Every structure is written in structure tokens, then in C-alpha cells.
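Work the whole structure out from these sequences, hints included.
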Amino acid sequence: MITLLAPPGSLVAGASVSLDATEAHHLRVRRGEAGDRLRLVDGRGHVGYGTVTLGNHGAHVTLDRVEEAPLPPRLVLAVGAGEKERFAWLAEKATELGVTDLVPIECDRTVSVASRVRDGAIERIQRRAEEALKQCGGAWAPRIHLPTPLERFVTEAPAGRRWVLDREGRDPPVQMGDDAVTCLVGPEGGFTPEEVAACERAGFERISLGQLVLRFETAALAAASWVGITRGRRLDG
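According to the numbering used here, the sequence shown is numbered sequentially starting from 41.
Hints are computed from structural coordinates only; laboratory data are not their basis.
These numbers come from a predicted model, not from an experiment.
A couple of the hints might just be wrong.
[What the hints assert, rightly or not] No more than 25 Å apart at the CA atoms, straight line, and that leaves these computed lysine to any residue pairs for SDA-like:
no.: 1; residue 1: LYS133; residue 2: GLY200
no.: 2; residue 1: LYS133; residue 2: GLN166
no.: 3; residue 1: LYS124; residue 2: ALA161
no.: 4; residue 1: LYS174; residue 2: ALA64
no.: 5; residue 1: LYS133; residue 2: SER56
no.: 6; residue 1: LYS174; residue 2: GLY75
no.: 7; residue 1: LYS124; residue 2: GLN215
no.: 8; residue 1: LYS133; residue 2: ASP60
no.: 9; residue 1: LYS133; residue 2: ARG201
no.: 10; residue 1: LYS124; residue 2: ARG164
no.: 11; residue 1: LYS174; residue 2: LEU254
no.: 12; residue 1: LYS124; residue 2: ARG114
no.: 13; residue 1: LYS174; residue 2: HIS86
no.: 14; residue 1: LYS124; residue 2: ARG192
no.: 15; residue 1: LYS133; residue 2: ALA172
no.: 16; residue 1: LYS124; residue 2: ARG183
no.: 17; residue 1: LYS133; residue 2: TRP266
no.: 18; residue 1: LYS174; residue 2: SER56
no.: 19; residue 1: LYS124; residue 2: ASP141
no.: 20; residue 1: LYS133; residue 2: ASP159
no.: 21; residue 1: LYS124; residue 2: SER152
no.: 22; residue 1: LYS174; residue 2: ARG79
no.: 23; residue 1: LYS124; residue 2: LEU137
no.: 24; residue 1: LYS174; residue 2: HIS185
no.: 25; residue 1: LYS174; residue 2: TRP129
no.: 26; residue 1: LYS133; residue 2: GLN215
no.: 27; residue 1: LYS124; residue 2: GLU136
no.: 28; residue 1: LYS174; residue 2: ALA237
no.: 29; residue 1: LYS124; residue 2: LYS174
no.: 30; residue 1: LYS133; residue 2: GLY75
no.: 31; residue 1: LYS124; residue 2: ARG84
no.: 32; residue 1: LYS124; residue 2: ASP148
no.: 33; residue 1: LYS133; residue 2: GLU108
Given below as C-alpha cells:
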């Protein structure tokens, strides 16, 4: 079944949802036809099922069933993102891994990067995250936050497990529940020693993902994958 995006608030049983130009094009590329059953998602947990109608005024889906997917356990990736295209790619993959929040962090080693993530890029990155739902079958896209200074983020991070990735840290746990997890990932060159110390004072634990130097998007996805695998794991004995 083809999955397409719908605007938030539009998925109501019995409603007729108009596809925007991007989604109508996607339907044509997938060779969708009048009468086909479609799945619509809004990235906020709502999933609608209905039948498509094609006409001179565009494509419309009449919904006969709407479901609400449960909110996933909170997983925040806060990343010192110095390059917006790599960060946008990260947003797409974060959707596939169940990340709930993705925050570009402003820190000492990002402020001089000309291609760093800025406020004006957030809407496009959010759309890219939502587009990933059409492939992965999920219902929730991560919220892409505005760039946030590191010193402010560490004071406002949610309660739960708080990690700052550091090669000299301890190994991550092999079993976790559904508590919120926040992972701080440094930019190219990593966080400065002073920044790591500030994170620790704010209650972040240094966690290592190995001794190789990882690019920020690799480290972020490795952390998200680890959390996803170990949540709910039951150990023998």
C-alpha cells in the first residue's frame, strides 16, 4: 500500500484529504490509480486509510479509517551539527530509528562553519524527516528543533538518562527500559574539554561508542541504534 503525507489535523474519518503537489507527484511516480487504497500519515502519530479519487482539480483521498499510533519512548539526539546537508541526511535516518527530537547544537566548533545548520533550514529538514515515513512505515517523525546553544540545552534537557558521547567514557548499558534518553553528540573535532565538563556538571554521563573517531552523523545514529536495541531487552539469569 502506498503511503503519503497529509497535513497535521487533516486525518479525520470520513474526511476528504487533498494531496499537495509533492504528494500527488509521488502518487503518479508510484503509478497510483483512481480507486487505489492509500495510507496517509501526518508525522504526529495519526494514520488514515482511504480511497483515492483523481480529477481535474487534483487528487483526493476519502478516509474510512483513522488510527492513532502510540507515542514512542522519548529519544533526543542533540548534535553539534556543523554541516546542514549531513544534518538533513541524519534527520531522515533518525526517523527510521524512532528518534523523537533532533536538536542542532551551537558550540565552540560550529560557530565558524559557514554551512552550519541555521534557523532558515529547519522547515526543509523537518520535511525531509517526514518524507522518511513513506518508506519506513512509521507514524511519528522527530521534531526538528531550532539551533540551540549548548549551555542552554544542558540546563533544559529532559529528565532521564543523559549521555554525552566521549571516547574516554564508559560503555553504554546493555539493558534499558523506556525512560527518556538524551544523547549529546559533538561536532567535527568534538566538544572542547570545557564543554564536556559543563555537560557533566549538568548531569550528563560520558558514554563511549568505541575508540574510532566517528563523524557526527555516524555517532548519532550509532547511539540511536543502541538505544533502540537495548530498550526492552531481557537478559537471561
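Status of the hints after comparison with the structure:
no.: 1; hint: LYS133 with GLY200; in the structure: holds, 23 Å
no.: 2; hint: LYS133 with GLN166; in the structure: holds, 12 Å
no.: 3; hint: LYS124 with ALA161; in the structure: holds, 8 Å
no.: 4; hint: LYS174 with ALA64; in the structure: holds, 13 Å
no.: 5; hint: LYS133 with SER56; in the structure: violated, 31 Å
no.: 6; hint: LYS174 with GLY75; in the structure: holds, 20 Å
no.: 7; hint: LYS124 with GLN215; in the structure: violated, 33 Å
no.: 8; hint: LYS133 with ASP60; in the structure: holds, 24 Å
no.: 9; hint: LYS133 with ARG201; in the structure: holds, 22 Å
no.: 10; hint: LYS124 with ARG164; in the structure: holds, 10 Å
no.: 11; hint: LYS174 with LEU254; in the structure: violated, 29 Å
no.: 12; hint: LYS124 with ARG114; in the structure: holds, 24 Å
no.: 13; hint: LYS174 with HIS86; in the structure: holds, 13 Å
no.: 14; hint: LYS124 with ARG192; in the structure: holds, 21 Å
no.: 15; hint: LYS133 with ALA172; in the structure: holds, 8 Å
no.: 16; hint: LYS124 with ARG183; in the structure: holds, 16 Å
no.: 17; hint: LYS133 with TRP266; in the structure: holds, 14 Å
no.: 18; hint: LYS174 with SER56; in the structure: holds, 20 Å
no.: 19; hint: LYS124 with ASP141; in the structure: holds, 17 Å
no.: 20; hint: LYS133 with ASP159; in the structure: holds, 21 Å
no.: 21; hint: LYS124 with SER152; in the structure: holds, 13 Å
no.: 22; hint: LYS174 with ARG79; in the structure: holds, 9 Å
no.: 23; hint: LYS124 with LEU137; in the structure: holds, 20 Å
no.: 24; hint: LYS174 with HIS185; in the structure: holds, 21 Å
no.: 25; hint: LYS174 with TRP129; in the structure: holds, 15 Å
no.: 26; hint: LYS133 with GLN215; in the structure: holds, 23 Å
no.: 27; hint: LYS124 with GLU136; in the structure: holds, 19 Å
no.: 28; hint: LYS174 with ALA237; in the structure: violated, 41 Å
no.: 29; hint: LYS124 with LYS174; in the structure: holds, 22 Å
no.: 30; hint: LYS133 with GLY75; in the structure: violated, 32 Å
no.: 31; hint: LYS124 with ARG84; in the structure: holds, 24 Å
no.: 32; hint: LYS124 with ASP148; in the structure: holds, 17 Å
no.: 33; hint: LYS133 with GLU108; in the structure: holds, 22 Å
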